[in-house]
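These are the residues of each chain, in order.
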Amino acid sequence: MKRIVVDPVNRIEGHLRVEVVVDEATGKVTEALSSGTAWRGIELIVKDRDPRDAWLYTQRICGVCTTVHALGCLRAVEDALGIEIPKNANYIRNIMAATQCLQDHIIHFYHLHALDWVSPLAALKADPAATAALQNTVLETYHLDLKGPRSYDLDAYPKEFPKGSAVYFKAIQDKVRQIVDSGQLGIFAAQWWDHPDYDILPPEVHLMAVAHYLNMLDKQRELVTSHVVFGGKNPHPHYVVGGMPCSISMQDMNAPINSARLAVVENSLGVGVAAAELFYVPDVLAIGAIYAQKGLLDGGGLAGKRVLGFGDYPEDRYTGTTNGDFHKNLLLRSNGVVEGFAGGVDKAVYHELSPEDLSDQEVLTEGVEHSWYSYANAQKEKHPWQGETTPQYTAPKEGDRTHWQQLNEDGKYSWIKTPKWRGQTAEVGPLARYIIVYTKVKKGVIEPTWVEKMMVEQIEAVSKHFKLAAQVWMVSTLGRTVIRALEGQLMAHISQYYFDKLVKNIDAGDTAVANMEKWEPATWPAKARGVGLHEAPRGALSHWVVIRNGKVDNYQAIVPSTWNACPRDGQAGRGAYEQTMLETKVKIAEKPLEILKAIHSFDPCLACATHLYDVTGKPITVVHTDPYLRN
Amino acid sequence: MDQLGTTLRELFEKRNLSRRTFLKTCATLTAILGLAPEMLQDVVAAAERKLLVPVIWLHGHECTGCDETLLRSQTPLASDVLLNMISLEYMDVLAAAAGEPLEEHLQQVMQAYKGRYILAVEGAVPLEADGIYCMVGGKPFVENLRQAAAGAAVILEVGSCAAWGGIQAAKPNPTKSVSVSDVIHGKTIVKIPGCPPIPEVLTGVIMHYTLFGKLPPLDSVGRPKQFYGNRIHDTCYRRPFFDSGMFVEKFDDAGSKAGWCLYKMGCRAPEAYNSCGNMRWWNGLSYPVQSGAPCVACGANNFWDQDPFYERLPGIPVPQTVANADKVGLITAGVLTLGVAAHGAASLIQSKKHAAEEEEKAKEDEK
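Protein chains in written order, with the numbering used here: chain U, 1 to 631; chain B, 1 to 367.
So that you can see chain U by itself, here it is in the shape it has in the complex (with noise of 0.2 Å):
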């Protein structure tokens, strides 16, 4: 046995640290400890403040889905104060929400999560000519040919197409070749590229993909210039409670939205969905057909057992989330509760997850057992509304309080609470939602939106592909990753719906952006409470504010990585980080690519890199396989 830190974890966002104990000789996790390592106190810092502008301080709780929050936010209030916002207002922030999370799972997959699957350096041995025609073969092979309702096609052609011939991977080959012999690694020093793992890819694909890595280390910016010209700046783009500030007319080339300005939102959509489909998708789907035919599939953990989501994309208007209006026109309606998938679709058990359940003070709570706070009266359970956010901080189980060797799992070992339904932990994130669409829409629960037609179509398409189950490749590492692109994919589609949408209202001689008959604070009640409901990248997120005199009177938020990352709670069981690292094989314990793996097929929103210690707390050998770091 072998106990195992990393921490920080690399290639996320924010803090994490996770420690395993690992069976060397069958290289079984036997415990598996997963812990938030910051807290900056947003929850507090809020308080008091104008709800006007809560949506700007708590946007700063990450800048990588850098506009969730502020959306979560806006909704919350909104509720709050009962304000519905026009229809222009919903469109642009759908597509704003939409384009966010393509680019965000783009940069996940290509630049987060990729070099855990592919290595700069097994691309040195590919032939260029073969992988060309690899390129072509998975372009023709892996491309899923979905569409969605779109009247505006103003794209002549889709200018995002991979260069896939045989000059231009020897390029990028060459270019690789000079970097590794100039001994400037850079971002690619001291991976473990000896890993077993990354043999089990061609060479050719490891060049494909690399190329790729580098070709949208380019273009992923380009795919929220939406975020750019309606809010004005990404990260951190602008709203208003109401609706948008981005003021529309078709008279005024000063206005910030005009038909120019509309024009460079259109031709960046068309790049999302050329980079999604001639890209993104074909990519992880040339990988991931390799993996599911060697029946790579572990790492499900609680993602077969119980996944959860709030749905999103109202298709127009609505007028509150607490009343269930936010709930009534949703196009992705993975709103609800699915218990046991892995045992396929059938025996999977659906529970709704109704408007009211929000208020019910039984259905939704946080607890803090092993988290670094505490509740008044030794309360166990508080749902958000009644939240508290005290910090109580105790000392790990080895090392001292500010040096650590190994936390206490028995104690209070992570800035994350413990988020539960009935009683419950739950993973959320894509996997989830298309878990709980497919088994609604199978089951006979609802009849398909257009949205979720094409998320059953695309699951469908990727059984075949696999040969497998849909229970069998989703319910893994593997699977997050693979639905996760089929998402990108699918919310191009959106972005391009939404923008149809906006262009047909505008024309229809509606330009309200704002809705301000509640804006002064004399119009609100002395006393209010909402619920923002967003589906962010990486799942299901939810705020909760309480309004009292015109002040933010008490704020949580439940973010997705809150639910994923939480550590166990006595009752409720492990959280998804710990469940799938506990269903996770390790091959060599030292180098736990696997773990790692694992990890970032979530895309982890806490922080960044990795030390490896031995249950003493001693480093433990450290292995170069980058020959260039011995100099």
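Don't take every hint at face value.
Claimed, not checked - Computed footprint of chain B on chain U, listed as stretches where at least three residues anywhere in the stretch have a Cβ under 8 Å from a Cβ of chain B:
| # | region |
| --- | --- |
| 1 | 42-54 |
| 2 | 268-278 |
| 3 | 401-413 |
| 4 | 497-503 |
Hints in this document: simulated from the structure, not taken from any laboratory. Ideal Cβ placement from N, Cα and C applies to all residues, glycine included.
Using the hints provided, position chain B relative to the given structure of chain U.
Below, chain B alone, put in the same frame as chain U:
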């Protein structure tokens, strides 16, 4: 591993990049650094002569928005910066490696380039309870920061959190977060504030140092003058409306649709020193004010506690008030002139203050 002997020119040669590509890159850099076209020869000379500098990037209390802003750089492109222009030796968001090998690499880099690397810090430094609110590798972040800062030639405070403490330092500042320069003393520190900074402001500062081997000219608080020398208000495309007394009175009114001044909606541009007005975001595409949102002065010290954000700034004389576009024609010329005069006086005071700052800085430089 030693690359201090490598110039940008040599690196291009090693990688079989043509002279033409090299010159093109230099031309782009000249433009992005805000230099006059005739400076191109100096940039070329610098790039041929100067050494590549290793960069170490650390994360404290932050949201990773500043990493994202680095990736959004268009001129130069992120891929060129990361793979060709600097030697990014340590950045845990993008590094392939994890764990001990990467940490070992960091130690080696700090050793090999002692006194010669750039340390870029993203995020504030929490000091409450011995720094336990931000633990990295089982140690308080402040400890890692002190270690890395010791051997740094220059420290960049990337973003408003590193530069001023940022959002976590807003009241009641539960983690007692402070800026990097509140903790590290006796080092050359450059502030690159913004929440986040404009991508090209960040890469522009890095490139100035790598090309010329010295820092760009700084103002009295340590910000590069070329990017933070102007108020957004003075470079704002809506400024003529301010001067004419044409204001947005509420969101989405006729003035909003006509792009009038956002001052009365709480715009902080009159006190915000940044490049949003002249450089803008996405190569000139937009900035918050252009998209109808009042500036929150996200590069300013303590801006988070200057709330509520929709309340107009006190003390800035407003030239004129109009309710909507229809009333513009009703403004009497006399009142308008009076307003402009008052504003002119305010600008004069500002520029005098500026001149005083300059003088003070010059004196310090002489010492």
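Worksheet item: Of the hints given before, which are not true for this structure?
Response: Going through the list in order, the structure violates hints 2 and 4 and respects the others.
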